[in-house]
Amino acid sequence: MPLFGKSQKGPAEVVKALKEAVNALEKGDKKAEKAQEDVSKNLVLIKNMLYGTSESEPQTDIIVAQLAQELYNSNLLLLLVQNLNRIDFEGKKDVAQVFNNILRRQIGTRSPTVEYICTKSEILYTLMSGYEHQEIALNCGTMLRECARYEALAKIMLYSEDFYNFFRYVEVSTFDIASDAFSTFKELLTRHKLLCADFLETNYDKVFNHYQRLLNSENYVTRRQSLKLLGELLLDRHNFTVMTRYISNPDNLKLMMNMLKERSRNIQFEAFHVFKVFVANPNKPKPILDILLRNQDKLVEFLMKFHTDRAEDEQFNDEKAYLIRQIKELKPLPGH
Amino acid sequence: MTTFKGNFGDYKIISILGECSEGKAAVHLAKHIPSSTMVALKRFYMDKMTNAEQTYSVELEIATAKQLQHPNILQYHTNFVHGFDVYVVSPLMAYCSCRDLLNQHFNNGLPQQAILIILRDLLCALAYMHRNGYIHRAIKASHVLVSETGKSCLTGFKYSCLRVLKGKWQNNVHSFLSDPKPVLNWTSPELLEQNLQGYNDQSDMYSVGMFICELANGSEPFLGMACTLMLTEKLRGCVPQLLDCTTVPRQTEGDCVISPIIVNRRFSKDLHEVTGLCLSRNPNHRPKAGKLLNHSLFKSIKKRTLSLNELLKPALPLSDKVAFNREDVENLDVNHFSNLALCTWDF
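Quick note, the sequences are listed as chains P and L, same order.
So the first sequence is residues 1 to 336, counted in my numbering.
So the second sequence is residues 1 to 347, counted in my numbering.
Since the hints were derived computationally from the structure, they do not count as laboratory data.
Source: prediction; values computed, not measured.
Among the clues, some could well be false.
With a straight-line cut-off of 25 Å between C-alpha atoms, the simulated BS3-like cross-links for lysine-lysine are [claimed, not checked]:
{"#": "1", "chain 1": "L", "residue 1": "K5", "chain 2": "L", "residue 2": "K66"}
{"#": "2", "chain 1": "L", "residue 1": "K299", "chain 2": "L", "residue 2": "K313"}
{"#": "3", "chain 1": "L", "residue 1": "K168", "chain 2": "P", "residue 2": "K19"}
{"#": "4", "chain 1": "L", "residue 1": "K313", "chain 2": "P", "residue 2": "K186"}
{"#": "5", "chain 1": "L", "residue 1": "K269", "chain 2": "P", "residue 2": "K186"}
{"#": "6", "chain 1": "P", "residue 1": "K155", "chain 2": "P", "residue 2": "K206"}
{"#": "7", "chain 1": "P", "residue 1": "K228", "chain 2": "P", "residue 2": "K155"}
{"#": "8", "chain 1": "P", "residue 1": "K186", "chain 2": "P", "residue 2": "K155"}
{"#": "9", "chain 1": "L", "residue 1": "K48", "chain 2": "P", "residue 2": "K228"}
{"#": "10", "chain 1": "L", "residue 1": "K288", "chain 2": "L", "residue 2": "K269"}
{"#": "11", "chain 1": "P", "residue 1": "K193", "chain 2": "P", "residue 2": "K228"}
{"#": "12", "chain 1": "L", "residue 1": "K166", "chain 2": "P", "residue 2": "K41"}
{"#": "13", "chain 1": "P", "residue 1": "K193", "chain 2": "L", "residue 2": "K288"}
{"#": "14", "chain 1": "P", "residue 1": "K193", "chain 2": "P", "residue 2": "K206"}
{"#": "15", "chain 1": "P", "residue 1": "K276", "chain 2": "P", "residue 2": "K286"}
{"#": "16", "chain 1": "P", "residue 1": "K276", "chain 2": "L", "residue 2": "K48"}
{"#": "17", "chain 1": "L", "residue 1": "K168", "chain 2": "P", "residue 2": "K41"}
{"#": "18", "chain 1": "L", "residue 1": "K48", "chain 2": "P", "residue 2": "K305"}
{"#": "19", "chain 1": "L", "residue 1": "K291", "chain 2": "P", "residue 2": "K41"}
{"#": "20", "chain 1": "L", "residue 1": "K291", "chain 2": "P", "residue 2": "K47"}
{"#": "21", "chain 1": "P", "residue 1": "K228", "chain 2": "P", "residue 2": "K261"}
{"#": "22", "chain 1": "L", "residue 1": "K24", "chain 2": "P", "residue 2": "K228"}
{"#": "23", "chain 1": "P", "residue 1": "K47", "chain 2": "L", "residue 2": "K288"}
{"#": "24", "chain 1": "P", "residue 1": "K155", "chain 2": "L", "residue 2": "K288"}
{"#": "25", "chain 1": "L", "residue 1": "K66", "chain 2": "P", "residue 2": "K120"}
{"#": "26", "chain 1": "L", "residue 1": "K269", "chain 2": "P", "residue 2": "K261"}
{"#": "27", "chain 1": "P", "residue 1": "K47", "chain 2": "L", "residue 2": "K166"}
{"#": "28", "chain 1": "P", "residue 1": "K254", "chain 2": "P", "residue 2": "K193"}
{"#": "29", "chain 1": "L", "residue 1": "K48", "chain 2": "P", "residue 2": "K320"}
{"#": "30", "chain 1": "P", "residue 1": "K41", "chain 2": "L", "residue 2": "K66"}
{"#": "31", "chain 1": "L", "residue 1": "K168", "chain 2": "P", "residue 2": "K47"}
{"#": "32", "chain 1": "P", "residue 1": "K186", "chain 2": "L", "residue 2": "K48"}
{"#": "33", "chain 1": "P", "residue 1": "K9", "chain 2": "L", "residue 2": "K168"}
{"#": "34", "chain 1": "P", "residue 1": "K298", "chain 2": "P", "residue 2": "K328"}
{"#": "35", "chain 1": "P", "residue 1": "K261", "chain 2": "L", "residue 2": "K66"}
Okay, chain L solo, but in the shape it has when bound (with noise of 0.2 Å):
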């Protein structure tokens, strides 16, 4: 097995794969010399964060990704400081995040079926962490990032929770996020609302919710609302639903356009139904994570049809992109990764 050291000069930095958290942090696609593997190198300008908050988001960050250990939740190889900045050594996620696929190659949203995998993958990983006392909060498609060999893990954890507090299980949790902002649009009603009852792992179902409506169709929910009219929406359950032909009408009126793709496709009954259960206004109404993945609408996956990394074609895991263990990653021309430079990795 191979062992990852916290010295700086044990990685090469190849190129930059995205920016993320503002510009305070950013993330590189690496070599680890010693052992000739990629690696992605996460780095945390803590110069440009000049409040303690913006610091112990960082170390809660590392610290909670280290409480969590599950195949399909990024691990941290190790982690140090070098110069002023905290570098993260984690295995590459080949295929970038959720949000970049969408990006680049299925800005309509991704099919059924590689949907379907990537939630199973995340329910379980969400499953262990709900097991485990731990509340995401930040659940999104930028959070869920896809490997070479197409499994999803789940990453982010700068946003989690705990509820397991001075010694008790906290049934309800009030605690509200100290950087709200990127995931707000995520955020289930009850968590936003910040009232007595306060909320518990069934807000990340909410969100679960959330992230199949932007896998399904391509754009971030209430994408441009503005954050009061977004609430007032959610609080009235007003939530988004899966574009297909059963949703949205053929014949439209006026100038809007609607692909193509969007009327002519068809998610499964199922699908639709799980959505919106997940995005019930009621918590209790939602599915719990460990439950839903006996669902049967997952039955469909175990006949393996596709792989995943059939299904995202044209998008390919950055390995073909990239000679891999060779020397001539040693003289790679940067210029190479100018379309990746473009995607935006949110932690």
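Next comes chain P alone, as it looks inside the complex (with noise of 0.2 Å):
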């Protein structure tokens, strides 16, 4: 006998009586329990169909076929994530798991799930801002970055508004939530490198007028976090106009001079890498050069004091060394 009635309920009934128990759910009278119970149940059944379980197999490719069609015809997907904070605490991660193996279906080169989520572009706008809620955060964040691999997924959730609010995600005080906004946030403007590049051109005021507040965040992991990740954006070549235009700036630079000093060693070694992009770049804009050369002794004297414990880390000494030099033989542009 299995467990929950007949067993060979088919995909179209098991997604009507989801969606069912969903919205008796979302509706939240007396009957909230038993739907609560459905919800669940249903959703265990579906996590099956698509990843077996350790007595059964995944469903033939036919089935999946009809599961998916039928969640796309019934907008399942949306509804489980705009209720996922009613579903108890197992079926949240069954809606995540379901929703991270229907996206990656394909037919041969199509993914018709991305296709889907393309024209329901609200199911993302809805998991970006499961981050406001804390028991959801997390399920939500896994759901964003298996979105965030696909490129079109990627486009609508950058240049979409929402994406602003990621600065402040990022921040919350909650260390692991902060923390998977973070790598949401990172995968996003990572990922997908020519995207990124052009998003991060067409946005640049905004989008580093937004990040300036994360480098003077109150909270050291924020901080560390977008040191690190400026850094590599700085130096990923597919950046080159963004990094050019961030180098011209003298507020950015004293910025990274005053990191250089900070009580933190972690802060002050990723500080470093964005300093050094600054200092090697051979046509500063007279502004950036008139800063280092008025600091031109105190920045020698203080690199050739800066972590010198580093000493195995072949790579750190030579661009300081490059520094130290490239400093000292720093030079007025004629004519001034």
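With the hints as a guide, bring the two chains together.
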């Protein structure tokens, strides 16, 4: 006797049952408890069709195709994501697992679920707002990062106004949620090189205005993570235009020079990797050159003593020696 | 229900319970001021962690624990950043870890009934994890904590991995531990081998076998043995045994002195057998966590002859050593805890 009544419920029935249960749960009337049970039960059924269990293999492609089609037609993915906070603890994880499996579905080179979500971008916006709620933040995070693997979906997220909420999410006081939001944020800004470079170029002012706040955050982890990511972004050759623009602004240089002197050694070290780009730039604008010249001796002295215990890190020592040489040789622009 | 918020000011640190992860984290006994309850405060020194792998393992440990909800898995109330450190608030486990119990009171191992009670809780936690696609990968005495009421909770999730990957259930996993040194002696041969076959959740059952030996004998398995020798021993199928009158000869030659406790005690045949099965070289011969719970071995617990608290005497829960929920806590002499500072927690 199978655990839940007739075992051979087809995809259409399960999807229908799940939809009804989620709707009942949403209404939140006295049937909610029963609805909760039904949601969990049907989620497990769908999950088992997709993943199989220890006793059974996943269902055949035909069944999975039917299931996917039912999910698209019934609009259930959106409904599940919208009601995620109402679903019980294990059910939340099942939703994420079902979502992530369906998302990866492929027919030849096509990804039908990705195409479907492109037409239902509300799913993405709802997932992004999941970071507002502690109890679903991490579940939404796993789904968002799966979505971010697909350029089309990453593009929708990057270019939406909601993207700028990430600058708030990565700074929340709960460490695990902030870190999860940061991984998603980083994925969106680095995964698809051309898309990201294009996005950063066209939205330079807005993005870096927001980014500045992260670099000045009270939260040590946020400050450290965002500084590290900044270094990675600037050193990626796809972002050449963005980098050139960033290292032409004397305020950015001042910020990095201050961070070189922060109490945290990790912040100092990450700041070094951004600072070096300013110095290595062969065409330094006058305001940048002026700052470096004004601090020429101090910088040389500072760098000589900077992280001298990293003897085994050859690349770092080479870079440091190079910077010291460059700074020593700095001369004012001719004619000034 | 008490809600724990991520404000550093809500917690008053009373003493240090131990250091872990080579000094990159510490566990404190602390008081949650709004509710006057005692909690364990684990503190990760983030600025001491220089590479991304280390900081990632902190994220992973907390995120994994949050995805697991079971009475025998240590729950985290909340976590937050303060200064350069990340803090995790969890319920106080008043007997600390099984490793601490062995170190302080049971150098020759725990009595069989105590082992069984702890083992049953551990298996419940593991069965739940395996059902949900997690492999713990670091079962050892220091990762099993005992509460004031004698309930055991599993922790140490920075080593765990998920079998659900890329939208698929992986029959076998091939990833290796990122910081394996502290757990190598408990690790299964197939995981250490790192061959194409990989390993699955039965790898944990091998570590359970090691864990039983550790609780019964008091010492870590393969203690003091070079890693390469330990590996070849495991690959050859050489495993530790439960030391009692059936496995240790009463008369020994030379200077080797064996504690009379060991030669006079006798673990049940069942326990010897189950330990042996868990330590099978072939993962398929090991019992599943969920199935092992039905073993007749655990029937003796149901009679409830003694509670775990009784069995663990002379060890006392922290609560009996501390004036709890009183203003005394404010003026507590930290030297009181000097003996506790010796214990190392390794989550």
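Hints, one by one, checked against the model:
With a CA separation close to 16 Å, the supplied pair K5 (chain L) and K66 (chain L) stays within the 25 Å bound. Straight-line distance between C-alpha atoms of K299 (chain L) and K313 (chain L) comes to about 23 Å, which keeps the hinted pair within the 25 Å bound. A distance of roughly 24 Å separates the Cα atoms of K168 (chain L) and K19 (chain P); the hinted pair therefore holds under the 25 Å criterion. Between K313 (chain L) and K186 (chain P), the direct Cα distance comes to roughly 52 Å. Violation of the 25 Å bound is thereby established for this hinted pair.
Between the alpha carbons of K269 (chain L) and K186 (chain P) the distance comes to roughly 56 Å, so the proposed pair goes past 25 Å and is violated. Restraint check: the Cα-Cα separation between K155 (chain P) and K206 (chain P) comes to about 17 Å, which is no more than 25 Å; the hinted pair holds. Between K228 (chain P) and K155 (chain P), the direct Cα distance comes to roughly 23 Å. Compliance with the 25 Å bound is thereby established for this hinted pair. Of the pairs offered as hints, the one joining K186 (chain P) and K155 (chain P) holds, with about 14 Å between alpha carbons and a cut-off of 25 Å not exceeded.
About 16 Å separates the Cα atoms of K48 (chain L) and K228 (chain P), which keeps this hinted pair within 25 Å; it holds. The straight-line distance between the Cα atoms of K288 (chain L) and K269 (chain L) is roughly 19 Å, inside the 25 Å bound, and the hint therefore holds. The straight-line distance between the Cα atoms of K193 (chain P) and K228 (chain P) is roughly 17 Å, inside the 25 Å bound, and the hint therefore holds. Straight-line distance between C-alpha atoms of K166 (chain L) and K41 (chain P) comes to about 23 Å, which keeps the hinted pair within the 25 Å bound.
The suggested pairing of K193 (chain P) with K288 (chain L) is violated, with an alpha-carbon distance near 46 Å, which exceeds 25 Å. Between K193 (chain P) and K206 (chain P) the alpha-carbon distance is near 19 Å, which keeps this suggested pair within the 25 Å criterion. For the suggested pair K276 (chain P) and K286 (chain P), the alpha carbons sit about 17 Å apart, so the restraint of at most 25 Å is met. Between the alpha carbons of K276 (chain P) and K48 (chain L) the distance comes to roughly 24 Å, so the proposed pair stays at or under 25 Å and holds.
For the given pair, K168 (chain L) sits about 20 Å from K41 (chain P) by alpha-carbon distance, which is consistent with the 25 Å threshold. For the suggested pair K48 (chain L) and K305 (chain P), the alpha carbons sit about 20 Å apart, so the restraint of at most 25 Å is met. Between the alpha carbons of K291 (chain L) and K41 (chain P) the distance comes to roughly 23 Å, so the proposed pair stays at or under 25 Å and holds. A distance of roughly 23 Å separates the Cα atoms of K291 (chain L) and K47 (chain P); the hinted pair therefore holds under the 25 Å criterion.
For the hint linking K228 (chain P) to K261 (chain P), the alpha-carbon distance of about 16 Å falls within 25 Å, and the restraint holds. Taking the CA atoms of K24 (chain L) and K228 (chain P), the gap is about 21 Å. The hint holds against a cut of 25 Å. Taking the CA atoms of K47 (chain P) and K288 (chain L), the gap is near 22 Å; set against the 25 Å cutoff, the hint holds. As the CA atoms of K155 (chain P) and K288 (chain L) are separated by approximately 45 Å, the hinted pair breaks the 25 Å bound.
At roughly 30 Å between alpha-carbon atoms, K66 (chain L) and K120 (chain P) are farther apart than 25 Å, so this suggested pair is violated. Distance hint between K269 (chain L) and K261 (chain P) is unfulfilled; the C-alpha atoms sit about 65 Å from each other, more than 25 Å. Annotation: proposed proximity of K47 (chain P) to K166 (chain L) holds, straight-line Cα distance about 14 Å (limit 25 Å). For the given pair, K254 (chain P) sits about 28 Å from K193 (chain P) by alpha-carbon distance, which is inconsistent with the 25 Å threshold.
Note on K48 (chain L) and K320 (chain P): the hinted pairing holds, with a Cα-Cα distance of about 22 Å set against a maximum of 25 Å. Simply put, K41 (chain P) and K66 (chain L) have alpha-carbon atoms about 22 Å apart, close enough for the 25 Å limit, and the pair holds. Between K168 (chain L) and K47 (chain P) the CA atoms are separated by roughly 11 Å; this keeps the pair inside 25 Å, and the hint holds. Our distance criterion of 25 Å between C-alpha atoms is met by K186 (chain P) and K48 (chain L), whose separation comes to about 23 Å.
Of the supplied pair hints, the one linking K9 (chain P) and K168 (chain L) holds, its CA atoms being roughly 22 Å apart against a limit of 25 Å. Taking the CA atoms of K298 (chain P) and K328 (chain P), the gap is near 11 Å; set against the 25 Å cutoff, the hint holds. For a cut-off of 25 Å, the pair hint linking K261 (chain P) to K66 (chain L) is broken: about 36 Å separates their Cα positions.
Hint violations for this structure: numbers 4, 5, 13, 24, 25, 26, 28 and 35, all remaining hints satisfied.
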